[in-house]
Amino acid sequence: MNTFMKTLENVLLPIADKLNNNRYLTALRDGFMVALPIIIFGSIFVVIANLPFLDRLMSEDTFLAYQNALGPASASTLSIMGMFVIVGIGYKMTEHYGNDGIYGGVVALTAFLILTPQVLEGVTGVIPTASLGAQGMFLGIFTAFFSAELYNFFVKKNWIIKMPAGVPNAVSKSFSALIPITLTLTLFLIVRILFSYTGFETVQNFIYTIIQQPLTKLGSGLPATILAVLLIQLFWFFGLHGQIIINSVFDPIWYTLNEQNLSAFQAGSELPNIVTKQFIDSFLVGMGGSGMTLAVIILIFIIGRSRQIKELGKLGAPAGLFNVNEPIIFGLPIIMNPLVIIPWLLAPVVVTVITYFAMATGLCPPPAGIIVPWTTPVILNGFLATGNAWQGGVLQAVNLLVVMAIWWPFLKIMDKSYYEKENKGTDS
Amino acid sequence: MKHILLACSAGMSTSLLVSKMEEVAKEKGEQVKIWAVAQDKVIKEIEKADVLLIGPQMRFLKKKLSKIAADANVKMDVIDPVAYGRIDGEAVLKRALELLKEVN
Numbered sequence: 067m068n069t070f071m072k073t074l075e076n077v078l079l080p081i082a083d084k085l086n087n088n089r090y091l092t093a094l095r096d097g098f099m100v101a102l103p104i105i106i107f108g109s110i111f112v113v114i115a116n117l118p119f120l121d122r123l124m125s126e127d128t129f130l131a132y133q134n135a136l137g138p139a140s141a142s143t144l145s146i147m148g149m150f151v152i153v154g155i156g157y158k159m160t161e162h163y164g165n166d167g168i169y170g171g172v173v174a175l176t177a178f179l180i181l182t183p184q185v186l187e188g189v190t191g192v193i194p195t196a197s198l199g200a201q202g203m204f205l206g207i208f209t210a211f212f213s214a215e216l217y218n219f220f221v222k223k224n225w226i227i228k229m230p231a232g233v234p235n236a237v238s239k240s241f242s243a244l245i246p247i248t249l250t251l252t253l254f255l256i257v258r259i260l261f262s263y264t265g266f267e268t269v270q271n272f273i274y275t276i277i278q279q280p281l282t283k284l285g286s287g288l289p290a291t292i293l294a295v296l297l298i299q300l301f302w303f304f305g306l307h308g309q310i311i312i313n314s315v316f317d318p319i320w321y322t323l324n325e326q327n328l329s330a331f332q333a334g335s336e337l338p339n340i341v342t343k344q345f346i347d348s349f350l351v352g353m354g355g356s357g358m359t360l361a362v363i364i365l366i367f368i369i370g371r372s373r374q375i376k377e378l379g380k381l382g383a384p385a386g387l388f389n390v391n392e393p394i395i396f397g398l399p400i401i402m403n404p405l406v407i408i409p410w411l412l413a414p415v416v417v418t419v420i421t422y423f424a425m426a427t428g429l430c431p432p433p434a435g436i437i438v439p440w441t442t443p444v445i446l447n448g449f450l451a452t453g454n455a456w457q458g459g460v461l462q463a464v465n466l467l468v469v470m471a472i473w474w475p476f477l478k479i480m481d482k483s484y485y486e487k488e489n490k491g492t493d494s
Numbered sequence: 017m018k019h020i021l022l023a024c025s026a027g028m029s030t031s032l033l034v035s036k037m038e039e040v041a042k043e044k045g046e047q048v049k050i051w052a053v054a055q056d057k058v059i060k061e062i063e064k065a066d067v068l069l070i071g072p073q074m075r076f077l078k079k080k081l082s083k084i085a086a087d088a089n090v091k092m093d094v095i096d097p098v099a100y101g102r103i104d105g106e107a108v109l110k111r112a113l114e115l116l117k118e119v120n
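One line per chain: the protein sequences are A and B, in this order. Taking this note's numbering as reference, the numbering of the first sequence is continuous, increasing by one, and the terminal residue is 494. Taking this note's numbering as reference, the numbering of the second sequence is continuous, increasing by one, and the terminal residue is 120.
Among the hints, erroneous ones may be present.
Subject to a maximum C-alpha distance of 27 Å in a straight line, what follows is the list of computed DSS-like cross-link-like pairs (lysine-lysine) [unchecked claim]: (1) Lys222/A with Lys91/B; (2) Lys117/B with Lys57/B; (3) Lys78/B with Lys57/B; (4) Lys44/B with Lys84/A; (5) Lys110/B with Lys84/A; (6) Lys117/B with Lys84/A; (7) Lys49/B with Lys60/B; (8) Lys223/A with Lys64/B; (9) Lys83/B with Lys44/B; (10) Lys117/B with Lys72/A; (11) Lys380/A with Lys110/B; (12) Lys380/A with Lys18/B; (13) Lys79/B with Lys64/B; (14) Lys57/B with Lys222/A; (15) Lys117/B with Lys18/B; (16) Lys72/A with Lys57/B; (17) Lys91/B with Lys223/A; (18) Lys42/B with Lys117/B.
Hints are computed from structural coordinates only; laboratory data are not their basis.
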């Protein structure tokens, strides 16, 4: 078992290293981080706009006026989140190259706008917000990558207009960015023109049809989700932050699916997706952290006898309530512990399947596209994620019990062996 | 004053460690400033630090972060997983101070 684990670790560590030192994936992850506070702000107001019972307390007109008044909070954030991600990616990649990040961010945004159709139902001079949100997510990400690469390439070429000494720094900076920006954006304009002669008409259409649609379709399915969940757990088993590693690949898909649900939720129509960003963040991570270790902590309080386990429960509980579980992962320990590999891998898969089917059958509404901070405690985050549906909280409570049941025998064995060791110690 | 920077994915779990380490430092009368950040903030915070310690779950970033640390002339290490699991402020503080001694 030990040599097998060593081998597996030797496979996983380089993968984690590669994924996280890849400048595109790093920029992608950091780009989403830039957008996060903004989309959480929007989410807060979606929650407030849809508080339970309000529609019954207010007259129909008042309720509509109330929702309309709060609308801009999410319409300017969540619904067009692609824009913030693009700026974040452009900024972070340019910073990575040691250049002035803000120009990279703005160039990426401009390049994206150049590729975006600026017409809606025959009306010109408009930018459809849909293309700044879910629909344009992948185009935005690719555009940000390419434009940042091009911009930094041109900066490196150093075809810049040098200012004489004595010119204020900001002035010479704005000039020094001029040539790289002009060259980069010109290329994007040419791409736009070229695409207008193809059957796709716009690059947006092209990326959406060729890449985004197939990928999100794949990512919204149960098999891909189970695979992602298993990989996250496997990385964590070796003490590597699985979430951060896998998310950098899956986030574009999960966020896109999330956005689609949000538009449907706000339009009052049926939610198209079950698996979304919040499916993962609330129903898998939001129960004490990756691996749903809050269930393990509760179980420790119920069946724990050994001093070591009980101490750990006390140590891990306050953080676990807010979904921080490193004390449990490294303390139980979960890492490299063959005894827990079965519940560690199995429980999240079972919960994924239960949650998926509860949502597919309508027992619980799917996530409404609201981004709940991952540190929100269990039950509450299930409630918020499903658009203030009590079923979301109940589903989490049920899942918690399921995880406890799966862990029970394994924790019992572990606790017993610790207990015996401790008591032998005091006898001798 | 010794400046100890801790980093993990979001600066959450290492911040648990910060308060434990501060307690121990206070008992021992060590003059330290300890703070925790998300790993992507290390590059900005490193210049204020004398030593950098990263959570064991971030050890796949060791290569990248050790380069950043070396460029800033800061010693760095990955926190021992056992000490991390126990939120053992004493052990981690000891390690940090050891690393600082190596500098001198």
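How the hints compare with the structure:
no., hint, in the structure
1, Lys222/A with Lys91/B, "31 Å, violated"
2, Lys117/B with Lys57/B, "25 Å, holds"
3, Lys78/B with Lys57/B, "15 Å, holds"
4, Lys44/B with Lys84/A, "41 Å, violated"
5, Lys110/B with Lys84/A, "32 Å, violated"
6, Lys117/B with Lys84/A, "33 Å, violated"
7, Lys49/B with Lys60/B, "17 Å, holds"
8, Lys223/A with Lys64/B, "33 Å, violated"
9, Lys83/B with Lys44/B, "32 Å, violated"
10, Lys117/B with Lys72/A, "33 Å, violated"
11, Lys380/A with Lys110/B, "24 Å, holds"
12, Lys380/A with Lys18/B, "31 Å, violated"
13, Lys79/B with Lys64/B, "20 Å, holds"
14, Lys57/B with Lys222/A, "25 Å, holds"
15, Lys117/B with Lys18/B, "11 Å, holds"
16, Lys72/A with Lys57/B, "31 Å, violated"
17, Lys91/B with Lys223/A, "35 Å, violated"
18, Lys42/B with Lys117/B, "19 Å, holds"
Of the numbered hints stated above, those contradicted by the structure are hints 1, 4, 5, 6, 8, 9, 10, 12, 16, 17, listed in ascending order.
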